[in-house]
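Trainee: Chains as they are written, first to last, in my numbering: chain A, 1 to 285; chain B, 1 to 285; chain C, 1 to 122; chain D, 1 to 122.
Keep in mind that the hints were calculated from the coordinates and are not lab data.
Each hint should be verified, as a subset may be incorrect.
[As the list claims (entries may be wrong)] Not the full set, but computed from the structure, chain A residues with beta-carbon under 7 Å of chain D:
#  : residue
1  : His59
2  : Ala60
3  : Val81
4  : Gly85
5  : Gln88
6  : Leu196
7  : Gly198
8  : Ala199
9  : Tyr203
10 : Arg233
11 : Ser268
12 : Asn269
Where is the CB? At the ideal position from N, CA and C, for every residue including glycine.
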Amino acid sequence: MAEVIWGLATSHVPSIGAAMDRGKTEDPTWKDLFDGYAPARAWLAEHEPDVAIVIYNDHANGIDLDIIPTFGIGTADRYQVADEGFGQRPVPDVIGDPELSLHLLEHLVDEGFDLTVFQELEVDHGLTVPLSVWTPDPGDAWPCPVVPILVNVIQYPQPTAARCYALGQALGRAIAGYPKDATVGILGTGGMSHQLAGARAGYINPEFDTMWMETIQTDPARLAALSREELIRQAGSEGIELIMWLIMRGAMNDQVAKIHSHYFVPASNTAAGVALFDNRVSQPA
Amino acid sequence: MAEVIWGLATSHVPSIGAAMDRGKTEDPTWKDLFDGYAPARAWLAEHEPDVAIVIYNDHANGIDLDIIPTFGIGTADRYQVADEGFGQRPVPDVIGDPELSLHLLEHLVDEGFDLTVFQELEVDHGLTVPLSVWTPDPGDAWPCPVVPILVNVIQYPQPTAARCYALGQALGRAIAGYPKDATVGILGTGGMSHQLAGARAGYINPEFDTMWMETIQTDPARLAALSREELIRQAGSEGIELIMWLIMRGAMNDQVAKIHSHYFVPASNTAAGVALFDNRVSQPA
Amino acid sequence: MNPETPAGRFDLPGTPVFDGQTSRRGLRMNKMFMSLRTAQNRERFLADQSGYCEEFGLTPEQQRAVLDRDWQAMIDLGGSIFYVYKLAMMDGLSMQYLGGVFTGMTEQEFQAAMRAGGRRDG
Amino acid sequence: MNPETPAGRFDLPGTPVFDGQTSRRGLRMNKMFMSLRTAQNRERFLADQSGYCEEFGLTPEQQRAVLDRDWQAMIDLGGSIFYVYKLAMMDGLSMQYLGGVFTGMTEQEFQAAMRAGGRRDG
Ligand SMILES: [Fe+3]
Ligand SMILES: [Fe+3]
């Protein structure tokens with residue numbers, strides 16, 4: 001069977017990738033953010049999984065608005081890095097794991113999750129920035145193959161937080177039921193509070209973000225009870241993408257140990273958060 | 001509130017449309033099929049709904065294999081008739097009802113159905129042949145606007161029969177919760193038994209089809225318990241599309257009255273079935 | 001591959017199941033078939049069949065199956081019958097013709113079997 | 001339309017909600033923005049902006065908003081910020097610049113507000 005060994009929650013703001021690609025990580029506006037990643041990166045370097053599952057959303061790069069899937073899963077053996085309009089990021093293409101993808105797909109569809117299959121997919125900063133947060137210098141290849149899971153967080157009605165948490169729990173069962181032995185890292189991406197348009201653009205809610213960062217570890221079901229309206233009100237119209245952290249968390253054990261977390265404002269217009277959880281801790285009887 | 005007034009289950013074999021488009025309905029090989037439609041058509045002409053919901057699958061015309069949604073819903077105000085490779089069928093384009101589509105979408109996503117939204121969609125014989133079965137001479141326009149609901153029946157894993165039935169039940173609740181008064185006709189399309197490829201091509205199972213035709217009225221939950229493997233074994237690799245009848249049936253009342261049904265072999269390589277149910281009958285207390 | 005013992009999801013004799021691995025195998029070929037819906041692409045295909053296949057990235061085996069109109073091989077190599085049918089339609093061939101090919105009959109024999117109520121298991 | 005009282009799903013002051021009707025309204029325009037990811041399309045757009053807009057079927061109001069770089073109007077007319085941003089990027093403008101536009105500040109002021117910890121409600 002496969003086993004989730006860690007979960008990494010992280011913002012996927014494009015400017016984080018751009019700062020890395022342009023060597024600005026020591027720049028005073030960025031240094032604290034990247035210093036905050038260091039302990040997570042050090043731990044992750046010691047805990048390399050066989051495969052990673054990245055839960056993210058596309059931002060007008062891999063999919064258009066003519067077809068908007070609530071949940072998608074990639075089944076390709078390779079995902080090209082998208083050109084978002086200013087050239088591809090100078091990072092490796094993403095190698096897939098179709099066998100695991102198809103196992104997860106079958107299990108999840110059998111459990112009543114109505115996934116959309118992507119046999120071809122270009123991946124944007126929503127997926128590659130989290131990989132860079134994890135692995136700043138991938139060289140020719142990311143540490144392991146990746147299964148992308150896509151979530152509609154852009155167009156109302158987004159899946160509810162409860163549905164995301166339930167998908168995560170089913171994903172955990174699907175991983176546990178994989179016939180091959182494999183260690184799995186799981187990345188929940190997006191957030192934290194931010195809003196890009198409207199008179200409330202620039203909105204940041206550190207109280208909400210702090211609550212979310214704590215509660216995602218201790219009581220995710222409480223976060224899963226939040227409505228879309230409440231999420232948009234409290235986290236901003238784009239901050240609702242925090243629901244993707246719940247998919248990651250749902251796939252993990254009831255008890256997880258926090259290895260490290262860090263919070264930083266602003267990454268561009270966004271509150272950037274990172275939280276790394278160890279899934280291999282003893283569970284209460 | 002909106003109310004489902006009838007449900008029409010029908011095969012959507014392209015040659016049925018072609019026979020109509022080419023004036024061959026009196027041809028000896030086709031006459032019995034079209035004679036069998038007559039009583040349903042007469043009743044339907046007296047029971048015109050304000051809007052129709054058509055549950056169907058695409059066949060390499062409106063969507064490709066790079067993106068395969070388990071369930072989709074159209075939200076456009078117009079759906080062009082696809083050119084499937086031999087010119088468009090000489091039938092009107094399909095007018096949508098975006099307001100109802102978006103209501104259904106929101107309700108269904110809230111209930112945990114992970115629909116894919118189609119803002120643009122060309123509709124193929126899977127949708128237009130059932131409209132022709134209902135309305136042989138539409139003139140310039142079909143009788144009413146249409147909301148298309150798409151189902152992946154082509155690529156394994158298809159949604160389970162149970163999931164389709166559950167979607168139908170949620171669809172019924174969503175229709176009942178529509179704030180506007182409207183009468184709704186619902187079409188479940190596809191089937192009956194058939195297999196197009198492999199050494200078992202040409203397979204027809206009249207015993208299974210007869211059972212299905214009866215049980216879809218009296219005990220749909222029993223059909224919803226069938227596995228994919230059982231459906232493919234009994235109804236053929238393409239006959240599995242009968243699961244779409246369960247979405248229609250799920251949206252209807254527990255008790256429905258059969259107005260008419262007819263069974264005919266072969267429409268091309270397929271067992272063609274039609275069954276019309278009145279949804280406005282008194283329900284047991 | 002023998003169509004009596006298809007590789008795939010279930011062991012249903014004579015029944016190809018178009019599953020995820022099959023679809024992955026056939027993706028480029030199926031996309032090519034789908035492109036044949038437009039007259040312009042049909043003309044381009046007919047003018048240079050192997051060039052057109054290469055443009056879509058078919059494997060050599062898939063390209064040979066297409067050029068030879070080896071319908072069974074197209075299915076075995078990942079073709080979906082709904083997509084393969086686009087090529088057959090372009091050639092003026094019917095689904096009954098294909099049914100005959102898959103079952104070792106002429107089109108007329110296959111049609112007659114259908115008119116007699118269709119084929120049965122076993 | 002006044003951004004303080006957006007039409008939309010909830011009544012959240014100053015918060016546009018990109019819902020189904022908004023997306024339907026903006027579809028042609030958003031598809032046009034997405035097309036600007038490639039250098040070739042950016043060149044074609046810059047060579048004939050109104051022709052390019054017409055090709056994508058924008059409404060006259062949308063076309064005017066695009067030609068005038070009226071970012072607020074693009075949002076009001078159905079633009080998704082992620083799509084609108086493609087046009088801004090082409091113009092060399094940042095998300096902070098857009099944030100300034102939406103909030104009546106200069107880019108520098110908006111950036112300063114973000115560096116001070118971001119903006120708050122009320
Ligand atoms: Fe995002
Ligand atoms: Fe079909």
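Trainee: All hints are to be evaluated individually against the structure, with a verdict given for each.
Mentor: Okay, the hints, checked on the actual structure:
1. Of the supplied interface hints, the one on A:His59 holds, with its beta-carbon coming within about 4 Å of a beta-carbon of chain D, less than 7 Å.
2. The beta carbon of A:Ala60 is positioned within 7 Å of a beta carbon in chain D (closest approach about 5 Å), and the interface hint is therefore held.
3. Hint on A:Val81 is violated. Least Cβ distance to chain D is approximately 13 Å, over the 7 Å limit.
4. Taking 7 Å as the C-beta contact cut-off toward chain D, the hint placing A:Gly85 at the interface holds, the least distance being around 5 Å.
5. Below 7 Å, beta-carbon pairs count as interface contacts, and A:Gln88 has none with chain D, the closest being about 11 Å; its hint is therefore violated.
6. The interface hint given for A:Leu196 holds, since its Cβ lies 5 Å from the closest Cβ of chain D, which is under the 7 Å cut-off.
7. Nearest Cβ of chain D to the Cβ of A:Gly198: about 5 Å, under the 7 Å cut. The hint holds.
8. A cut of 7 Å between beta carbons decides the hint on A:Ala199: the least distance to chain D is about 3 Å, and the hint holds.
9. Contact between A:Tyr203 and chain D, as hinted, is supported at the beta carbon level, the nearest pair being about 5 Å apart and thus within 7 Å.
10. For A:Arg233, the interface hint holds, the least distance from its beta-carbon to any beta-carbon of chain D being 6 Å, beneath 7 Å.
11. Because the smallest distance between the Cβ of A:Ser268 and any Cβ of chain D comes to about 6 Å, under 7 Å, the interface hint for this residue holds.
12. With 7 Å as the threshold, the beta carbon of A:Asn269 comes within range of chain D, its nearest partner Cβ sitting at about 5 Å, so the hint holds.
Of the numbered hints given earlier, the model fails hints 3 and 5; all others are met.
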